[in-house]
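If you want the building blocks of each chain, they are given just below.
Number of protein chains: 2
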Amino acid sequence: AENDSASTIEDLIASQDVEEIALLLESLPLDQRLKVWVNVPNRKKLDVLVQMRADPREILIAETDESNWTRIFEDIDAEDLLELADSLPRELLENALSVMDKQQRQYFQNANQYEDEQIGHWMCQDVLVLPSNAKVRDGMRIARREIAVHTDTIFLINRNGQFSEAVKIINLLSSPEHIPLSDIAEETIPTIVVTADCSSSATNVLKSGFAALPVVDEQGKLMGKVDVTTAGDLLQEYYEYQLMASAGMDEDEDLFAPVKKSAKNRALWLGINLLTAFLASWFIGLFEATLQEVVALAVLMPVVASMGGIAGSQTLTLIIRGLALDQVNSANCRALLIKELSVGALNGIVWAIVIGIVAYLWFDSSLIGLVIAVAILMNILSAALAGVIIPVILDKAKLDPALSGSVILTTVTDIVGFVAFLGLGTIFLL
Amino acid sequence: AENDSASTIEDLIASQDVEEIALLLESLPLDQRLKVWVNVPNRKKLDVLVQMRADPREILIAETDESNWTRIFEDIDAEDLLELADSLPRELLENALSVMDKQQRQYFQNANQYEDEQIGHWMCQDVLVLPSNAKVRDGMRIARREIAVHTDTIFLINRNGQFSEAVKIINLLSSPEHIPLSDIAEETIPTIVVTADCSSSATNVLKSGFAALPVVDEQGKLMGKVDVTTAGDLLQEYYEYQLMASAGMDEDEDLFAPVKKSAKNRALWLGINLLTAFLASWFIGLFEATLQEVVALAVLMPVVASMGGIAGSQTLTLIIRGLALDQVNSANCRALLIKELSVGALNGIVWAIVIGIVAYLWFDSSLIGLVIAVAILMNILSAALAGVIIPVILDKAKLDPALSGSVILTTVTDIVGFVAFLGLGTIFLL
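For the record, the sequence lines run as chains A and B. If you read the first sequence in our numbering, its first letter stands for residue 29, the second for the next number, and so on. If you read the second sequence in our numbering, its first letter stands for residue 29, the second for the next number, and so on.
So here's chain A without its partners, still in its complex pose:
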């Protein structure tokens, strides 16, 4: 098996599929990763690095011998460097910039006028463009000359450089040479504003039915385009970010990060959650005397906390998706709250009865059954309330509910659950 996998790795390195090589490198433990990396030919290393996630990439960059960089950077262009920039030490970044021609350096600087989250940073600045009064024959001429991946469209601009129309190159085939391009322009092509965020821009491109959409500035000036491959990458990155954020990590986390680094990456999230757990403990501590008298309450605490947490996370997830789709807003927020509270009431009553009966049978005490039933109902209702309100407030405050929503929610449901349960226990059972 050892030999098999070795030959597969060699085959893979010999192949052209730089993305597969990148995925493989990310999946290898550090010592093996470095051994394989040395065997990747220098001419492929740039493309492989561009495909990798930042954390595993930075490890390889740090371990690459200085003498190799001239060869690696030989064909670097601005788009490559934009992907790599944050991973490169200052010296290497300047080295790469010095290799590129003036035009590519300008491209790099233009992109850096926009933030990472803005589409302007990642758009392609090279577009096929003609004045809006050009003819089909002009279109044929430039289409023959410059054929690039995902260029299915010629953009027309007016004298001020503003985007006016788009012509599909394929439509040139069936049109007489002398007619104006605007006669065969697409009826509607959406435009993207250069400061728009990446994930919504990406969705727009993929939905549009065009291979690429034009990007314009606030004045309508044509700045570049976003093609479907870029859109697919951005979308995948966004979803990966959301998945990782739900556990307090980021999308660049390395499967085989060095232990110290990995522990450090995760420590903050553990610390935040520890604070909320201690807060919950503090509230439980208020009822020490009750717990001492009625130890059944201590036994049943996890049930109350769990039901609130799960019900709350269902509402929270539904609202987070709604916010991402722009479907939750001030117009329907109140109706949503009422609906979620109704669902909570219904499920709360059902499960309160079930849990109440189980607790009654277990501890042979109808009062314990009653106390936990009421506490469950209260907690599921408050979970519905918190599940709607927390993400909406976070979103209004421009914070990402996918990252911090569940910590805050769990804090609320834990505290409400424990206080309701132990408080009612103190009243009825002491």
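Keep in mind that a hint or two might mislead.
Copies of the same chain look alike in the list, so a pair counts if it fits in one copy or across any two.
Below 30 Å or equal to it, Euclidean Cα-Cα: the simulated DSSO-like pairs (lysine-lysine) are [stated by the list, open to error]:
1) K196 with K72
2) K63 with K235
3) K72 with K235
4) K235 with K249
It should be emphasised that the hints constitute simulated quantities derived from the structure, not laboratory data.
Got chain A; can you put chain B on it based on the hints?
Just chain B, lined up with the frame of chain A:
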């Protein structure tokens, strides 16, 4: 504000953007949704329904007057019906089938030979195809005749219908008419197997740089294609499924589902989690005597459970992403386990010390500090173990770790945490 939003809705309905109309309908409470639906012209209703998620769509289908369906189904094609099929009552499905011509019915039946999760169900069966010995002029002829969205490529097939090569239409422009198409074919175009799963097929299309990739059967016969819009939709659906699955819901969940239906959708997940919570309670119950003596243990229980749960979910999330990217396999599983256990050991020791000191100061008992410190360390280590092993086993058993991984993980960390903490407490504190 009321009037504002009303006029916006009217504008939107008048517009051509059926996807926006679909998103709006999904975002409206049921009574408003039905009012708006009635005002959507019948000629647009089909396209709007196709864009909607299943649950909200089914509500509108049930409320649409019977007399409207003839008009709605007027222009229905097989691709529309594939989207709608699961939402339509049998009678309406047959009604729709009877409206379509023979070719479209065949298309529909072909698609239904494949499962929902297979790309064959969702691929486009209409492709521009020529025999592999065709000339550029043949390519020009069919490209002029059939120009469809996302058709940037002509597929060449041999006498057995097997896919051989692909030619970009744009390359026809700069080639003499008499040369064979195979002279200007793409060097490499990936193919997708018709039984492949949707999410990996979609990723392949978006990464490929082509507007569409050919789909072939096991024998290499050309069956259809997947274009970037379909790929974008499938990818978005997959990620939405993953997000919703993490809270035990599905991607078709309606923001404003009727309360009963919504409560029912969520009840199963609550029930499963309740069982695991009771299981944890049962383990706590084994230590009733200890809890009665040392009530501080009851107060601190949430801290132990929380730290294990959070640490475990971080490992779990990392592994789930790795499995989705095909980066976790038998070759690196052991190395991953060692790395995660090392991270767990490091974070476990750090947080055990912090929590131990806090508990010591809080309850003025060095033994309580010691007991919780050891329990935290044990729980974080077992969380790392469970976080790697659970998703790997689920994945091998063809179960989705995104759905059930976190429930099982929490059960493990809760039980290990409580037993370790209360067990050590019994030994050292009684």
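Verification of the hints:
Taking CA atoms no more than 30 Å apart as the test, K196 paired with K72 passes between copies only; the shortest distance there is 26 Å, against 34 Å inside one copy. For the homomeric pair K63 and K235, the shortest alpha-carbon distance between copies (27 Å) is at most 30 Å, but the shortest distance inside one copy (42 Å) is not. In this assembly of identical chains, the alpha carbons of K72 and K235 lie at most 30 Å apart only when taken from different copies (18 Å versus 33 Å within one copy). For the identical chains of this complex, K235 and K249 are neighbours both inside a copy (23 Å) and across copies (29 Å), given an alpha-carbon limit of 30 Å.
In terms of the numbered hints stated before, the structure departs from none.
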